[in-house]
Amino acid sequence: MADMTIAGEFFRGIVKDNPVFALVLGLCPTLAVTTSVENAIGMAGATLFVLVGSNVMVSALRKQIPPITRIPMFIIIICTFVTIIDMAMEAYTPPLYEALGIFIPLIVVNCIIIGRAEAYANRNTIKFSVVDALGIGAGFFVALVAIGAIRELLGTGEIVLFGLKLISIPIEPATFMILPGGAFMTIGVLMAMVNYNKIRKARKGA
Amino acid sequence: MNKEYVMVMVKIVLLSVIAAVILGALYIPTQAQLKVYQEEQKQLSLKIVNPDADHFEPVKSGEETLYYLAFDAGNNLIGYCFFHDQPGSQGTITLAGGVDTGYTVTGVKIMAHSETPGLGAKITEESFTGQFPGVAEDDLMLSKDGGAIDAITGATVSSVAVIDGLHAAMNEIKANE
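Those protein sequences? They're chains B and G, same order as listed. Residue 188 is where the first sequence ends in my numbering, and the numbering goes up by one at each step. Residue 161 is where the second sequence ends in my numbering, and the numbering goes up by one at each step.
It cannot be assumed that every hint is accurate.
Just the calculated beta-carbon pair ranges, DEER-fashion [said to hold, decoys possible]:
no. : chain 1 : residue 1 : chain 2 : residue 2 : range
1   : G       : Gly75     : B       : Gly170    : 27 to 33 angstroms
2   : B       : Val171    : G       : Lys(-13)  : 35 to 41 angstroms
3   : G       : Lys19     : B       : Asn179    : 48 to 54 angstroms
4   : B       : Val171    : G       : Glu121    : 28 to 34 angstroms
5   : B       : Val142    : G       : Leu61     : 57 to 63 angstroms
6   : B       : Gly145    : G       : Gly75     : 22 to 28 angstroms
7   : B       : Glu140    : G       : Ala152    : 32 to 38 angstroms
8   : B       : Val91     : G       : Lys19     : 25 to 31 angstroms
Okay, the calculated bits of chain G under chain B, using three or more residues with CB under 8 angstroms as the criterion [as the list claims (entries may be wrong)]:
no. : segment
9   : -8 to 1
10  : 7 to 15
11  : 97 to 105
Simulated from the structure, these hints should not be mistaken for lab results. Glycine included, C-beta positions come from ideal geometry on N, C-alpha and C.
Kindly produce the complete structure, drawing on both the sequences and the hints.
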């Protein structure tokens, strides 16, 4: 534990332990809400909030939480944060809330969050738990935005972010990319590329 | 041993109570904000679906608002506005619509829907809703049926749902006139 550094723990969440491409967790929201960059940012932001909140609380209470009831107690903590972000988004960002729909309440059962509570926050100090949450949250953010950008660009021919048109390419929009099939294909291709890179690096090292 | 179980229960109950108190405290301001937002949206939407109107007056049946009368600055009745729920291809489409006194459409706005993103969801876009203003009731159908509205490619059901919703709302107004 002595060799843990803050920067190291943070980047571990983005690269080595990327929740989507390395741990392969939280695929349900990943597939469902990445129809546009805007939705991806909203979802990743909400998840990051819940992740940081629950990691802090679980870490702070880790000596108080009896091992036999730890899962229900984690769930209560996670539910509280999810409900907070759910109510806040409904009241203050209604269009985004409508776009994300059921997937905001469903953050409760996102394995990334309960996974980090169980595997990390329950065993580490608050400081490192926050860093871990930020790192994993950033990793989720990067993954969602990448998938969202590819799907939105190929599916609609442009990327529109908060009313601003960022990129527009002259292609015939492939509606398929916006539909669930496009999500599976995008994530499959990206994951193959990530793994190819990983194997190539490992071979070079050997 | 028994004491240990009691402690476990106490801790769970305590955690739940704290969570409930926090959520309860946050529920009040967020609900208030939500109400404000919804009311604002309604007023804005009425203005969008009938841009010429100066003010609106709800026509009520008991507590329920059936539709709105639109008045110009000189207090003359210039049309009707309404909110209507219509089943779409995926879920309910809530739309705001406005017509003049001769039942020619003055504007349409989609308030809420759960149509397929990229397909039916395009009913919210200007390229679709922009076709409606100026269309008389008799021309209010798809262009393939001889009407004035072009359906969204790949989303005929959603497009028709909007048109049907407008007709249904107009008939409701006529029935209450």
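For each hint, the structure was consulted:
Checked against the hint of 27 to 33 angstroms, the C-beta distance between glycine 75 of chain G and glycine 170 of chain B comes to roughly 29 angstroms, which is consistent with it. A beta carbon spacing of about 57 angstroms between valine 171 of chain B and lysine -13 of chain G contradicts the range 35 to 41 angstroms that was offered as a hint. Between lysine 19 of chain G and asparagine 179 of chain B the CB atoms are about 51 angstroms apart, so this pair conforms to the stated range of 48 to 54 angstroms. Taking 28 to 34 angstroms as the suggested C-beta distance range, the pair valine 171 of chain B and glutamate 121 of chain G does not conform, at roughly 50 angstroms.
A C-beta distance of roughly 39 angstroms is found between valine 142 of chain B and leucine 61 of chain G, which places it outside the suggested range of 57 to 63 angstroms. Take glycine 145 of chain B and glycine 75 of chain G: their Cβ atoms lie about 25 angstroms apart, and the range 22 to 28 angstroms holds. Under the hint 32 to 38 angstroms, the C-beta atoms of glutamate 140 of chain B and alanine 152 of chain G, about 34 angstroms apart, fit the expected range. Range check, valine 91 of chain B to lysine 19 of chain G: about 30 angstroms between beta-carbon atoms, so the 25 to 31 angstroms window is met.
As drawn, the segment -8 to 1 of chain G meets chain B at 5 residues by the rule of a beta-carbon pair under 8 angstroms; at three or more, the given contact holds. Counting residues of the segment 7 to 15 of chain G whose beta carbon lies closer than 8 angstroms to any beta carbon of chain B gives 6, which reaches the threshold of three, so the coverage claim holds. For the segment 97 to 105 of chain G, the stated coverage by chain B is satisfied: 5 residues place a CB nearer than 8 angstroms to a CB of that chain, which reaches the threshold of 3.
Comparing the model with each numbered hint stated earlier shows that hints 2, 4 and 5 do not hold.
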